[in-house]
Amino acid sequence: MQASRPAMKATDPTPAPAGLPKAGIGLRFQHHRAIVDERPAVGFLEVHSENYMGGGAPLACLETARRHYPVSLHGVGLSLGSAEGLDEAHLRRVVALTDRIDPLFVSEHISWSVTGGVYLNDLLPLPYTEEALQIFCDNVQRTQDALKRPVLVENPSTYLQFAHSTIPEWEFVAEIPRRTGCGLLLDVNNIYVSAGNHGFDAAQYLQAMPRGAVREIHLAGHTAKQIGDQILRIDDHGSAVCDEVWALYGAAIRLLGPVPTLIEWDCRIPPLAEIVAEAVKANAVAAENLERADAAAA
Amino acid sequence: MLPLHELQQTIARGILAEQVDPLAGVIREDGLPFDKRLQVYRNNTIISLTEALKATYPVVSALVGEQFFTFAAKSCIEAHPPRVPRLAEYGAEFADFLAGLAPAQSLPYLPDVARLEWSINEAYHAPDDTGLTPQSLSKVPQEQFAAVSFKLRSSGRLLHAEYRVDRLWRAHQPGSSLEGLDIAGDCHLLVYRPAGDVELMTLDAAGFALLSEIDRGAPLEAAYTVAAAVDPAFNLTAALGTHLTLGVFGAFSLPTTG
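So the sequences go chain by chain: X and W. Letter 251 of the first sequence, counting from 1, is numbered 251 in this note's numbering, and no numbers are missing. Letter 97 of the second sequence, counting from 1, is numbered 97 in this note's numbering, and no numbers are missing.
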């Protein structure tokens, strides 16, 4: 056991420049033991909130990790896009876990999973209409009132669009913090995936993001799947971040400045060191692009 | 234009019941048929929930094999989708579903195995609490013992199975073997989580009757009466000593007087 060691190791090969927070990683069950034993030099850990709403080993592991790292709670079950409103019992679970963990961020998704009380366990797409925007914002407000703190909401990866959508996705996303005071969790891989699937311009999407509202960035891998003669990009978090997404991340940092960044890896999970290496790479890419932005501004 | 609630209900039917026709013209095609686009979400939902069931029911999965489990899980998911957005709470219906599933009838012990695995899952995720110890009762006057009502730990689950699923389950744990396994005969089990790990305690019929009565809120004397009816030789002192030493109870109370 290494109980008394500080959270950051002094031997980190890429010390972050001033103002740039060190990138974090998603913590999954497979690495509960390794994270405490190896204590890698990452800035923070993020977990799926719903996996820690009981007692026993999962919660105990999270509380141990919390003693060494800031932790962010990333929810997948609130279903902020549900027309029927929020499940109050689930909202109470989110509040209880938030009170217990004292997280760096509490985040959720711009999507829905619940209808008629049935939970579909996927992040389903919303139509981009004024009706859906208002429902989503009302649910964000209700959540923030219950938590007594702002939440972050994440732009989705999508595989379909609705014929009756009237608002471009980037405008829909940008409007939510304006109406609710919430923050954005900008998933750069999701922008890349959706831009490829629907033929929109990822750079234009980035430009539309309100400055100051983006509090966290996600990076992850995806796969390209051939369906008929079409390629659909599927956001499966099962591989390293691809070169195109690193380039888009660089552009996001040049545009938005230093934003806490997190590597997600959820299927075909590799050894911890491999995920940490992605976080170290994110530090380097961010540092390089901050310098480029500074040089361009000088 | 579909109101959002109606759209969400229509998509749920598309995902869980494959009723996709009402979404023609609602989902844009853009080079890919609308049902192929919906299929991505249908696959995500069914596959991720199948994985969740497999994580909760590893022994059932090992007993029936990958192909049958995938079939049974898909049928169960479509009939009983989750109603709580927390996968640890998903799958309570699986044992009854297997009991009614025609192709599963050749394994009559399968529903009992599933019931045991569900109890283990519930115990694993139960809220943290601490167990009573023999010292916890030191201030209770001897003459009031008969009136004490115990509560099981929050993780405590009692299970009576028609087959020796305790042996079957243990034989599937790492380092164990199926050799010489005999599952004939019923068994009485307590599943609970004294500390980090879930434990399986095999009880006799009278000991099971005692804990079942206690779990229903009966005071000790009434619970003992039921246990003694099952086995007149039932040793209450020994049973209580074991349960207090192993942390089976989470709390006790005495009737309020006056």
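There could be a bad hint or two in this list.
[What the hints assert, rightly or not] Think about it this way: if two alpha-carbon atoms lie no more than 30 Å apart in a straight line, the pair counts; the simulated DSBU-like pairs of lysine-lysine are:
(1) Lys151(W) - Lys225(X)
(2) Lys36(W) - Lys54(W)
(3) Lys22(X) - Lys281(X)
(4) Lys225(X) - Lys139(W)
What the hints contain is simulated information worked out from the structure, not anything from laboratory work. Please read all numbers here as calculations on a predicted model, not as lab measurements.
Against the structure, the hints come out as follows:
1. Between Lys151(W) and Lys225(X) the CA atoms are separated by roughly 54 Å; this puts the pair beyond 30 Å, and the hint is violated.
2. A threshold of 30 Å between alpha carbons decides the hint, and for Lys36(W) with Lys54(W) the separation of about 26 Å falls inside it, so the pair holds.
3. Taking the CA atoms of Lys22(X) and Lys281(X), the gap is near 10 Å; set against the 30 Å cutoff, the hint holds.
4. A C-alpha spacing of about 68 Å is found between Lys225(X) and Lys139(W), which places the hinted pair above 30 Å, so the restraint is violated.
Going down the numbered hints, you'll see the structure goes against 1, 4, while the others check out.
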